[in-house]
Amino acid sequence: MASTLVMRVSLIPLVIKQLKKQAEISKLLPKLPPPFLPPLSGRSFGEQYMLFQKKRRELGCPSYLWNFASIAAQVPCFLLFMISIRRMSLDHHPGFDCGGMLWFQNLTETPHGFLGSCFPILIAGLYFANIQISFQTNKVANYPGMLGLLAKMYKMYLNILTIPILYIGFHIPQGSLVYWMTNNALNLVQLLSVRHPSIREKLGLPKTVDPAEARITMGNLSKMQKKQDTQRVLLEHNRQTDDPSLDEHLGLAFQHMATGNNDEALPLLRKVIEKDSAVVGALVAMGQILYSKKLVNEAAEYFESAISKAEKDDSLLVVACYGAGISRIAEGKKWEGIENLKRIAEMEVPVSPMDQHCYYKALVLLGCTLSEEGHNSEAVKHLRRAATYDPGVDRFVKECEALIEMDECKAEDKTTGCN
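Counted from 1, the sequence shown has number 373 at position 373 by our numbering; the numbering is strictly sequential.
No lab work stands behind these hints, which were simulated from the structure alone. Owing to the predicted nature of the structure, the values given are computational and were not obtained by experimental measurement. Any given hint could be a false lead.
Said to hold, decoys possible - Straight-line alpha carbon distances no greater than 20 Å define the calculated EDC-like cross-link-like pairs of lysine to aspartate or glutamate that follow:
1) K342 x E373
2) K410 x E373
3) K381 x E346
4) K381 x E348
5) K342 x E311
6) K398 x E378
7) K309 x E346
Stated by the list, open to error - Computed Cβ-Cβ distance ranges for the label pairs, DEER-style:
8) L150 x L90: 36 to 42 Å
9) S117 x Y157: 21 to 27 Å
10) L28 x M153: 21 to 27 Å
11) S198 x L252: 33 to 39 Å
12) G260 x I404: 40 to 46 Å
13) Y157 x D263: 46 to 52 Å
Backbone N, C-alpha and C define an ideal beta-carbon position, used for all residues, glycine too.
Sequences and hints are given; from them, build the entire structure.
And the structure:
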């Protein structure tokens, strides 16, 4: 146990270094293009990856390999200890036959009897707890797209490993089990410790922040327009005017929006729009605030005004079209909303991860609205495109396909009698 503790303590500096690097990566991640684009993006893997690496170096973002630093050090140490202790147990190393305590006096024996099951169950339970806490701390599984899918599959794989670990625990010497249980227990203590705010502060680690964006659900489409999404996009593109005074008002308005003080942001935005009605960021921000106040008609007008003022390559055009679409749909003018959302469907997939998320949310909203209007064949095309980015959309695709089959069956029933 003492040697296990020494080994774990010696790895703490590496763990702290890794956590700091991960915090830097998380901070810079929204500014980076994705390393892998979803299908149908029209770009090659090599081009996109080179763009990602170039931008990463420009921003000084640490390598993603830092995510595996502690694992790369811990796994060899764990295997070395396990193999060494097992060999010593099988060779009946002096002291192993009587160096235990309680029910595990003989460390060379495999577990047996009722109490013998304690170690395998404890090891499997601690392993499972470590997995849950690790993924609770790093909520990468909540990200949309391929990254989130891979994380979910990886977590499922690790969860399934609990069963073979439990089985293996009954077939190795108790000396190895003592080390394994101690290692898992210390790992659990480490995970819980680095989550505690006061400990993180003393270690110089940043506060934990959940960077994951909200998931899309079929029954709550009106809530897909999250306030934080638009605010972040606006802050990222705060470069709208040539007038320093307008820029100052615009920047201050965005700061108020970021802190939730929309009422203080409104007069500043109105002042900017009065002086220059072509400031797309101000128009989109006004639409966002009015939408949050359920003034959907006025919000739609501001969003549509932003669409008319925005350049074709303006990244705010996606947000403006999405805002106009969801506002018109909320107003009850579904076909006007659909027309606005179709503008997005005709655009190329944006490079920015934030714009991409908005782009595919718009496709989901477009597909679901078309399906509600009975245009399932057209709806399923947009939903399939969105499903390449977020596999969770597959359930909407299946619903649409089922509705299409029902429509075909009804049509056939009228002519030939569908059973």
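Now for the hints, and whether the structure bears them out:
1. K342 x E373: Distance ~15 Å between K342 and E373 Cα, so the pair holds.
2. K410 x E373: holds (17 Å)
3. K381 x E346: holds (13 Å)
4. K381 x E348: holds (16 Å)
5. K342 x E311: holds (17 Å)
6. K398 x E378: holds (14 Å)
7. K309 x E346: holds (18 Å)
8. L150 x L90: 36 to 42 Å: 39 Å Cβ-Cβ, so the 36 to 42 Å window holds.
9. S117 x Y157: 21 to 27 Å: Holds - the Cβ-Cβ distance for S117 and Y157, about 25 Å, lies within 21 to 27 Å.
10. L28 x M153: 21 to 27 Å: holds (26 Å)
11. S198 x L252: 33 to 39 Å: With Cβ atoms ~34 Å apart, the hint holds.
12. G260 x I404: 40 to 46 Å: holds (43 Å)
13. Y157 x D263: 46 to 52 Å: Check passed, 49 Å falls within 46 to 52 Å.
The structure meets every hint from the earlier list without exception.
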